[in-house]
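Residue numbers (my numbering), protein chains in the order written: chain P, 1 to 410; chain F, 411 to 820.
Any given hint might turn out to be false.
Derived lysine-lysine pairs resembling BS3-like cross-links, with alpha carbons at most 25 Å apart [said to hold, decoys possible]:
{"id": "1", "chain 1": "F", "residue 1": "Lys733", "chain 2": "F", "residue 2": "Lys671"}
{"id": "2", "chain 1": "P", "residue 1": "Lys261", "chain 2": "P", "residue 2": "Lys323"}
{"id": "3", "chain 1": "F", "residue 1": "Lys733", "chain 2": "P", "residue 2": "Lys261"}
{"id": "4", "chain 1": "F", "residue 1": "Lys671", "chain 2": "P", "residue 2": "Lys323"}
{"id": "5", "chain 1": "F", "residue 1": "Lys733", "chain 2": "P", "residue 2": "Lys323"}
I should point out that these hints are in silico values taken from the structure, not numbers from a laboratory. Quick caveat: nothing in here was measured; it's all calculated off a predicted structure.
What follows is the residue order along each chain.
Protein chains: 2
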Amino acid sequence: MNSRWQPWSLRELVASRMGPAQALERSRARIAETDGELCAWVVQDPDPQPSSGPLGGVPIGVKDIIDLAGLPTKCGTPLRADAEPAEVDAAIVTAWRQAGAMPVGKTATTEFAYFSPGPTRNPAAPGHTPGGSSSGSAAAVAAGHVPLALGTQTAGSVTRPASFCGVASLVLTHSRFTMDGVSALSPSFDSHGVYAAGVSDLALAWSALVSEPDPALTAERPPRLLLWQGDAGPEMRAALAAARDRLVSAGAVVDDFLDEKVIAELTAAHPVVMAYEAARTRAAELAVASVLSEHLAQLLRTGASTPEHEHELARRTMTEAGKRVAEVMAPYDAVLAPAALGPAPAGLASTGDPVLSRPWQALGLPAVTVPGARSPAGLPLGLQLVGRAWSEANLLAVGCWVETVLRPTG
Amino acid sequence: MNSRWQPWSLRELVASRMGPAQALERSRARIAETDGELCAWVVQDPDPQPSSGPLGGVPIGVKDIIDLAGLPTKCGTPLRADAEPAEVDAAIVTAWRQAGAMPVGKTATTEFAYFSPGPTRNPAAPGHTPGGSSSGSAAAVAAGHVPLALGTQTAGSVTRPASFCGVASLVLTHSRFTMDGVSALSPSFDSHGVYAAGVSDLALAWSALVSEPDPALTAERPPRLLLWQGDAGPEMRAALAAARDRLVSAGAVVDDFLDEKVIAELTAAHPVVMAYEAARTRAAELAVASVLSEHLAQLLRTGASTPEHEHELARRTMTEAGKRVAEVMAPYDAVLAPAALGPAPAGLASTGDPVLSRPWQALGLPAVTVPGARSPAGLPLGLQLVGRAWSEANLLAVGCWVETVLRPTG
Chain P
1 MNSRWQPWSL RELVASRMGP AQALERSRAR IAETDGELCA WVVQDPDPQP SSGPLGGVPI
61 GVKDIIDLAG LPTKCGTPLR ADAEPAEVDA AIVTAWRQAG AMPVGKTATT EFAYFSPGPT
121 RNPAAPGHTP GGSSSGSAAA VAAGHVPLAL GTQTAGSVTR PASFCGVASL VLTHSRFTMD
181 GVSALSPSFD SHGVYAAGVS DLALAWSALV SEPDPALTAE RPPRLLLWQG DAGPEMRAAL
241 AAARDRLVSA GAVVDDFLDE KVIAELTAAH PVVMAYEAAR TRAAELAVAS VLSEHLAQLL
301 RTGASTPEHE HELARRTMTE AGKRVAEVMA PYDAVLAPAA LGPAPAGLAS TGDPVLSRPW
361 QALGLPAVTV PGARSPAGLP LGLQLVGRAW SEANLLAVGC WVETVLRPTG
Chain F
411 MNSRWQPWSL RELVASRMGP AQALERSRAR IAETDGELCA WVVQDPDPQP SSGPLGGVPI
471 GVKDIIDLAG LPTKCGTPLR ADAEPAEVDA AIVTAWRQAG AMPVGKTATT EFAYFSPGPT
531 RNPAAPGHTP GGSSSGSAAA VAAGHVPLAL GTQTAGSVTR PASFCGVASL VLTHSRFTMD
591 GVSALSPSFD SHGVYAAGVS DLALAWSALV SEPDPALTAE RPPRLLLWQG DAGPEMRAAL
651 AAARDRLVSA GAVVDDFLDE KVIAELTAAH PVVMAYEAAR TRAAELAVAS VLSEHLAQLL
711 RTGASTPEHE HELARRTMTE AGKRVAEVMA PYDAVLAPAA LGPAPAGLAS TGDPVLSRPW
771 QALGLPAVTV PGARSPAGLP LGLQLVGRAW SEANLLAVGC WVETVLRPTG
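Sequences are here, hints too, so could you generate the full structure?
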């Protein structure tokens, strides 16, 4: 990896005591240098306002389905090409501002955070997709434009780009923060996320966001993990097997997740509910589906024609499956799983497959992507840790431990 | 009850084949006749657009936290006094339009759907509160202004006004329809609701909304019910006891809900999460709390100072309690419970207490209010039926059966 694409560590920035003006200058310089090629940004704020707080004015990117006062929210769709500037910040932006973050602009998203790609390229894998839908945020962090960037996940929209771009991500427990001011796709699944250079940086960001102690400082005991590999491809399986060996050597317990049936049920139910809800959330867009991407139009049409009883059955399936997964996970700290099927697919036409995130997202569980692994060809591979609901701090502590153990040593 | 305040049956309207123009004329005449006194409406649409669909142009009211294209969404707060007209309908409005409903205006709400009352009076109990927060919608249906009106419920904002005003209501399973275009208070609990003259009318409306068979036609078998009376006052307890006798005589099984501990846990956890989320959803309003009602300002301040671990504990408590309640409810069709502590309190200063809805709303369960009972002084008393998640049709079928059995006979 070329130094042009070196991520920018939040922990180092905070430790350096660089002021907001200097941090902004550095962010703008990095963006100016490489975003012509990368296309991670839709628009930059000409006059970002720093705020006080533990993060002390750190520049952050905001996915362009999240309202940022003074800039339009274009949602990656021609339907919003002439959108007016948002009047107020989304609630999650307010929360990050209170933590001391300084939003510097909007990052590219797929159309309404579904599958139709934007222009963004993958700084860690030239010629390969950055993943989606939070494409611009993942790429901006991977390229060192900003130390933090906000995403959202409905299926695998935070975790998969993190894996493809080689950065860390946190998906928050569903409904942990309100989605007020965020364009909805499937409200039962739409969750907040954030990218950073490493899990340790995410831990610091989280502690600032919720005013709680830094989870990195509590990461001492080797965790108990449940390994699930799903249908991951050979490169990802190899990375997972190597990780297992190193984690066990370092003292972790790693058992196998054996109930494939419950995962299959969740994986099947998730897209049913997602389409059903998207057709209702995006009813206005469904009425003009011919101007949408075929990906999105197809989703909305599917959802609009889903019979009520099929939707209800999918909901009940998720409820029952959720109980079983909670029982299986209870003796463990987290599930260790692939963050994507493999490295980023070549080309920009597809953002890849979210299938390995669907079962966990169906349950609204928090997930951390740990970067660092590479395919034999040198492409990034992420591992995800899935935690119990409302346990972000514990999950980040586990993530810090795992990140440290797996860190390349030489 | 004076005929000025006679509700307008949806089933009768649909059977009458009255066209949209005539129905609109009748609605406007009823509003003109009594709304000067009642104050159920914030604004009427000067030019409502009928749409085709099974409901065939029935006039409906829309609570003024729900966007209706062309009219402002004022949320019952001075902060929104100069709000611009909404550009697009909320998703739930689109769904009702597709069912053939014709929105005719916005109904009064408490401030941001919390406790601070609007100007609305109770047509069924002069001098008493109509309840809140969906005050205007409940009153408009009770007064026969419209056969249907939309509400929302975060604690007891649909069920309690139905009980106080003597009308039927349905609270939908949480996240059954997206809240897109609805001002959020506590997204984990915010749910849609609808009022009608009777449960049978709600069944017809539901079948139109979801394009499924009319639940009233499936209401044949006597249901199995679990009775829970909470801390209801003596008038409500008497109504509940009388209902139990009649339902058992008609063939229903009515057992007692014995796990008061799980209810207490849910009742305690609900306001913790509600305040926590409201402080984040309404962060912009929290910043100008001095212009808000003291009720709302207090809620937001409480939520802003809730420690993260307290919020997490409340969430976990709800998850565990939800499993226990689901097990207890599994052999039954519904819980039969008071819809409010008693009749509408005198005066307009308070909208009453939502405490008897909190445990069910914490779990996101659907609830139907069955009107018809009266206190010794002649004030309305509602009974609520709480169903399993995603089972609105079954719940409405049970509600129709209960309504028929309890109907006054002479």
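Hint by hint, work out which the structure violates, then give me just those numbers in ascending order.
-> none
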